[in-house]
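Chains as they are written, first to last, in the numbering used here: chain A, 1 to 105; chain B, 1 to 313; chain C, 1 to 103.
Please note: incorrect hints may appear among the correct ones.
Said to hold, decoys possible - Where chain B lies over chain A, by a calculated footprint (3+ residues, C-beta under 8 angstroms):
#, region
1, 11–24
2, 29–39
3, 46–54
Calculated directly from the structure, the hints in this document are not laboratory data. For each residue, glycine too, the CB sits at the ideal point set by N, CA and C.
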Amino acid sequence: MDSATVYVLAAAVLFGVGVHGLIVSVHLMRKLFAINIMGSAIFILLVATSAPISGQTDPIPQALVLTGIVIAVSATAFGLALMVRMCQETGNASLAVEDEPENDD
Amino acid sequence: MTGLALDLLIIASLIGLAIQAINGASLFRGIIHFVVLGLAMSLAWARLDAPDLAMAEAAIGAGVTGALMMIAYRRLIEIRPDHDNATRTPRSRLALPIALASGVLVGVIGLAAIQAEPLPGQAGIAVLETLESTGLGNPVTGVLLLFRGFDTLLEITVLLAALLSAQAVTRQDDLDRSLTTEDPDTPLIGALLAIVVPLTVLISVHLLKAGSQETGGAFQAGAVLAACGVLLALTGRLASSRDYSPLLNGGLLVGLVSFILIGLAPLLYGQPLMALPGVWAVYFIESAMMISIALTLVLLFAGAASLKRRSRG
Amino acid sequence: MSPTESVSLVLLLAGCGFYLAGTIGLLRFPDVYCRLHALAKADNTGLFLICVGLAVLSADWQVAAILALVWMIGLLAATVSAHLIARHAHGAGREPVRPRPDR
Numbered sequence: 001m002d003s004a005t006v007y008v009l010a011a012a013v014l015f016g017v018g019v020h021g022l023i024v025s026v027h028l029m030r031k032l033f034a035i036n037i038m039g040s041a042i043f044i045l046l047v048a049t050s051a052p053i054s055g056q057t058d059p060i061p062q063a064l065v066l067t068g069i070v071i072a073v074s075a076t077a078f079g080l081a082l083m084v085r086m087c088q089e090t091g092n093a094s095l096a097v098e099d100e101p102e103n104d105d
Numbered sequence: 001m002t003g004l005a006l007d008l009l010i011i012a013s014l015i016g017l018a019i020q021a022i023n024g025a026s027l028f029r030g031i032i033h034f035v036v037l038g039l040a041m042s043l044a045w046a047r048l049d050a051p052d053l054a055m056a057e058a059a060i061g062a063g064v065t066g067a068l069m070m071i072a073y074r075r076l077i078e079i080r081p082d083h084d085n086a087t088r089t090p091r092s093r094l095a096l097p098i099a100l101a102s103g104v105l106v107g108v109i110g111l112a113a114i115q116a117e118p119l120p121g122q123a124g125i126a127v128l129e130t131l132e133s134t135g136l137g138n139p140v141t142g143v144l145l146l147f148r149g150f151d152t153l154l155e156i157t158v159l160l161a162a163l164l165s166a167q168a169v170t171r172q173d174d175l176d177r178s179l180t181t182e183d184p185d186t187p188l189i190g191a192l193l194a195i196v197v198p199l200t201v202l203i204s205v206h207l208l209k210a211g212s213q214e215t216g217g218a219f220q221a222g223a224v225l226a227a228c229g230v231l232l233a234l235t236g237r238l239a240s241s242r243d244y245s246p247l248l249n250g251g252l253l254v255g256l257v258s259f260i261l262i263g264l265a266p267l268l269y270g271q272p273l274m275a276l277p278g279v280w281a282v283y284f285i286e287s288a289m290m291i292s293i294a295l296t297l298v299l300l301f302a303g304a305a306s307l308k309r310r311s312r313g
Numbered sequence: 001m002s003p004t005e006s007v008s009l010v011l012l013l014a015g016c017g018f019y020l021a022g023t024i025g026l027l028r029f030p031d032v033y034c035r036l037h038a039l040a041k042a043d044n045t046g047l048f049l050i051c052v053g054l055a056v057l058s059a060d061w062q063v064a065a066i067l068a069l070v071w072m073i074g075l076l077a078a079t080v081s082a083h084l085i086a087r088h089a090h091g092a093g094r095e096p097v098r099p100r101p102d103r
């Protein structure tokens, strides 16, 4: 097994973990973790599957991933700002309905 | 063999940290695990022969994201001190099958891409062939500024848009509390700043300059400079404010504006759009972008419209 | 294995040992002050040993100077952050754990 295969399998597992976390977790910050982990998995996939050019790594996927990392941070920062505002408005930053004791269901 | 063992070790820690970050006991631990996950990712990039990505991941992915998450956590704690208790997970019967299916999907796509004996990308070959004539030594910087300049232009536009949107949703009335501490200053902080601030500026300028020939570039340099700003904000040297500051807003825009102007200029001479006129243009745009990126990240951290200097007596 | 390689191997292994000890201390010690003690002391010694080991391995003055800089910056960060954490814990009224009198 070569290192590219290993990293592809790792990306698959990480993506699965991210998707699971996105569905299961109730706190918005954990959902942000999950989205970032999914993104990282795709970044690894992009770089690990690109074929080297005469011994050098292909610069195009690297530049794309570099762009992707910065976009991920921008999106995360906006998501965090939204989360803080939601917590200011509702006193709660998670999507769990069961959290509120006065909720009768 | 040692290489494969190292890969497996890095991957095992990546997966373990990801699971811990999402499912760990407390939210604060989740943040710590997430930051360490970013550092492990940077090791993975180093193993995948991508030093530029390793540096970007360590500075931006782990450093800046971690700082943003910590300050957001602190704001949550201020609103509701028992925040960590609200992390019960609902039962979902579909979650595991969906996660498995999507993981398998990604794995199949990746394995198919590898098994197909991929040819090297034609664009990559073209970049490496023409790089010599441009005077740049780092192909990633070449792609970012010369060959796919539109991507990078839109990238800093997105960063600016994120800042504007974050400011739009942030309530500006009661933010001053969360940044500053009531702790009286200790002499150590002054000594730390006296050493670290010049050093950070030096390192970021070095990263910027090195980016044209070897590992580095505007984004890594901007993130390091932003770390300096975050340090100044945390130690109370910079305070968030609501006053309009022409210098600050100019700094926020200088990267985008200079990129657009230099990208448009070739049209005057009958050259195609975004055909940068030389290496000096790359340096100029990267320096301007470094300043804009650093200021944007610091403002995102401070959650404020503007910053002002605060002198300590 | 050449003599420089074996010397650096010994230094690197010793450095890893200090890191291991510091991490065990962080996980096992009872209060924040003891943990800081484990981290600030053991980890910085470990970092020092690893830097020296790598400098010996590289046999290059430039690399050695950069590694010395790495160690000093690490030391600076660890010193100030350990001080600030301990100060904050003290200010928040955390009492150090004292040994029980019956021991």
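To see whether the hints hold, each was checked on the structure:
1. Coverage of the region 11–24 of chain A by chain B holds. Counting CB-CB distances below 8 angstroms, 13 residues qualify, and the rule asks for three or more.
2. Only residues whose C-beta sits within less than 8 angstroms of a C-beta in chain B count toward coverage, and the region 29–39 of chain A has 7 of them, enough to reach three; the restraint holds.
3. Only when three residues or more bring their CB closer than 8 angstroms to a CB of chain B does the claim for the region 46–54 of chain A stand; here the count is 8, and the claim holds.
In this structure, every one of the numbered hints holds.
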